[in-house]
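Quick mapping for you: the protein sequence lines, in order, are chains A and B. Under this note's numbering, the first residue of the first sequence carries the number 78, and numbering increases by one thereafter. Under this note's numbering, the first residue of the second sequence carries the number 78, and numbering increases by one thereafter.
Among the clues, some could well be false.
Given that identical chains are not distinguished, each listed pair holds provided it fits within a single copy or across any two copies.
Claimed, not checked - Here are the simulated DSSO-like cross-link-like pairs (lysine-lysine), alpha carbons at most 30 Å apart as the crow flies:
#1 K382 / K197
#2 K382 / K91
#3 K189 / K329
#4 K151 / K126
#5 K329 / K382
#6 K213 / K329
#7 K320 / K382
Hints listed in this document are in silico derivations from the structure and should not be mistaken for laboratory results. These numbers were taken from a predicted model, which means no experiment stands behind them.
The lines below spell out each chain.
Protein chains: 2
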Amino acid sequence: MNTENLKNSVGLVKPKIASFSDPLTLRCQRQIEEYDLIYETYGELNTDKSNAILICHALSGNHHAAGYHSETDKKPGWWDTCIGPGKAIDTNRFFVISLNNLGGCDGSTGPKSINPETGKAYGPDFPIMAVRDWVKSQARLADYLGVEKFAAVIGGSLGGMQALRWSIDYPERLDHCIIIASAPKLTAQNIAFNEVARQAIYRDPDFHEGRYMDFNTYPKQGLALARMLGHITYLSDDSMRQKFGRDLRTGKLNFGFDIDFEIESYLRYQGERFSDQFDANTYLLMTKALDYFDPTVDHDGDLVKTVSQANAEFLVISFSTDWRFSPERSEELVNALIAANKTVTYSELESPHGHDAFLIPMKDYINLLGGYLDRVATEGGF
Amino acid sequence: MNTENLKNSVGLVKPKIASFSDPLTLRCQRQIEEYDLIYETYGELNTDKSNAILICHALSGNHHAAGYHSETDKKPGWWDTCIGPGKAIDTNRFFVISLNNLGGCDGSTGPKSINPETGKAYGPDFPIMAVRDWVKSQARLADYLGVEKFAAVIGGSLGGMQALRWSIDYPERLDHCIIIASAPKLTAQNIAFNEVARQAIYRDPDFHEGRYMDFNTYPKQGLALARMLGHITYLSDDSMRQKFGRDLRTGKLNFGFDIDFEIESYLRYQGERFSDQFDANTYLLMTKALDYFDPTVDHDGDLVKTVSQANAEFLVISFSTDWRFSPERSEELVNALIAANKTVTYSELESPHGHDAFLIPMKDYINLLGGYLDRVATEGGF
């Protein structure tokens, strides 16, 4: 990191921990007696506490969304391109909260944490989280930070599902709901990809039914496979063609089972890197939260009826080559919002980057998000 | 099987074996000194030997394309819906040859066969096969059976690549080339899916770098994962939605890691069944043949130049929801054939079944294939 990067960001940030001792009753009917949430904040909460934004993370995200933890960090937080002074989510105007979800592996209570009932790590005994459970725990974090109502709740992919759930479960607690590259629920194909990823982990002999910590092992191969597969669905056919095409790693075919094509090398690298830093039980739990998400279950399967409870204004963004959560999936939601007489702005942005586009600072995207939030701030008087 | 099924098919068939002792020099520069090809034939070769059709199989296919091996067989050959008396590939008029490719695991020489140099099974030492090697070995089988020229060479998916290669390498040996649900070469995304499938096998501790037979083990889990992943790419998002949607196996969510959704159960079953009957080294070799296929490499990467050598008439068929080898991929080939001044008939058929459509007897498909071959037979005078 150089000084320029530090200056163009929120700078050095320090994660904080909020501890909760009120039991949280979960969708699965189980309770978590006490838990920690690790979070970061960027910018300042104004005096009437009206300028807060909540960032909800996707499958492998965490609380570290912007800035740097130390001057030697090579990379900033995962959404630093969008969060910072003068950026689309402008920390000169907004107070931004970003947390690691319950069940995560980056500091919030999760499978790696000690289960107070047993004195050992939860591992696979950590309860399966639903999106509504995360939202409930996020609302408690908002209480703790003195935020009664968010100017906006924002999320991409699984984060977008949390934002949608916020608008339904806490309609009075957010003015704007921004849902990016998401879907109102998964299709069978989405679930199928998640299931193969899970099976790769289950079938790794080092998984030990999730009790790998007890065995001093780790299902590294399974997690790497899961991530390789995930990566195919994050990129578009087009972006893979542009980035790798049929380029050969060594300029020739090997006629063996070593790496022939650049794309193979890329996938192996991504799998390797991810499997060194993520927890397999958390990965499993996150994919289940994705599969289970369907806010219509309490409303006769009717999406219009479901979203009719919302009070927020909506911004929905999709990307043309996203085939994991295609524009059609965003349109399902947009059409339901319109039918429910809600205020919704929708844009399908041209992008070659597939699902990953939601993390890539393309000009149209930044302008759209920044322009929308500029209006939010101006109307809010901050 | 009931008598009706037997009557509507080519009936009971017996595979035959052709042994070759002329060494075969392969694309990879290695030689196979001697080899067997297992094959079946349906119908009768006419006196001027002009009514022969060659069927080329796809990744997991084999020689048993039609009829039954015994009266207790539950299922007929893999393309029985299309091959038989009065069917699209009419065995009353055509003499149909179907073989298991070299490197296969159903009776032709392959990784499970004894390597005469070592007296042990080849295993991972079996050479990597290229599509052109298969075609060369198929031409020798044609010689052996007295077929100088095929009325048609037909294949779907990887089989279509063999048919295309036939038209280029042996332009004088086929009148018609029928390429179904195929592509002139794989994209980076196609290769990526194959690579994840291979990695699932490599990383199975029972794989032992392909020498699992020496260890009396078998990479069953890896092969099952590979097949589960493959299956997602064979079906369309639409067909999965129609077949499974978000239907729950037991009517409710389990909040655990057991099967929740029907699609999960389906994939596990498919993986289980396949991994009981297929050889992992063959699977690896077949995916490499797919990845490596690119007939333009000898022609400056120019597909028009490549196909300009062909003399056959072409029928190219694609299916609307096939995203593994989409209609656009067939159109690349069709456009090149037109530019090279070849006779080509092309149809993109509406189908909800994704890539699997090429194995499903839809009316439009049967009529198209049957109509085309009726003309071939009529013009050929048989």
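To see whether the hints hold, each was checked on the structure:
1. Taking the shortest alpha-carbon separations for K382 and K197, neither the intra-copy value of 44 Å nor the inter-copy value of 67 Å comes in at or below 30 Å.
2. Taking CA atoms no more than 30 Å apart as the test, K382 paired with K91 passes in neither setting, with 42 Å inside one copy and 62 Å between copies.
3. When the C-alpha separation of K189 and K329 is checked against a cutoff of 30 Å, the pair qualifies only between copies, where the shortest distance is 28 Å, while the shortest distance within a copy is 44 Å.
4. Taking the closest pair of Cα atoms, K151 and K126 never come within 30 Å of each other, the shortest separation being 34 Å inside a single copy and 71 Å across copies.
5. Proximity of K329 to K382 under the C-alpha cut-off of 30 Å is restricted to the inter-copy arrangement: shortest distance 22 Å between copies versus 58 Å within a copy.
6. With identical chains, the CA atoms of K213 and K329 are at most 30 Å apart between copies only, with a shortest distance of 22 Å across copies and 55 Å within one.
7. Only between protomers do K320 and K382 lie at most 30 Å apart by alpha-carbon distance; the minimum there is 26 Å, versus 43 Å within a single protomer.
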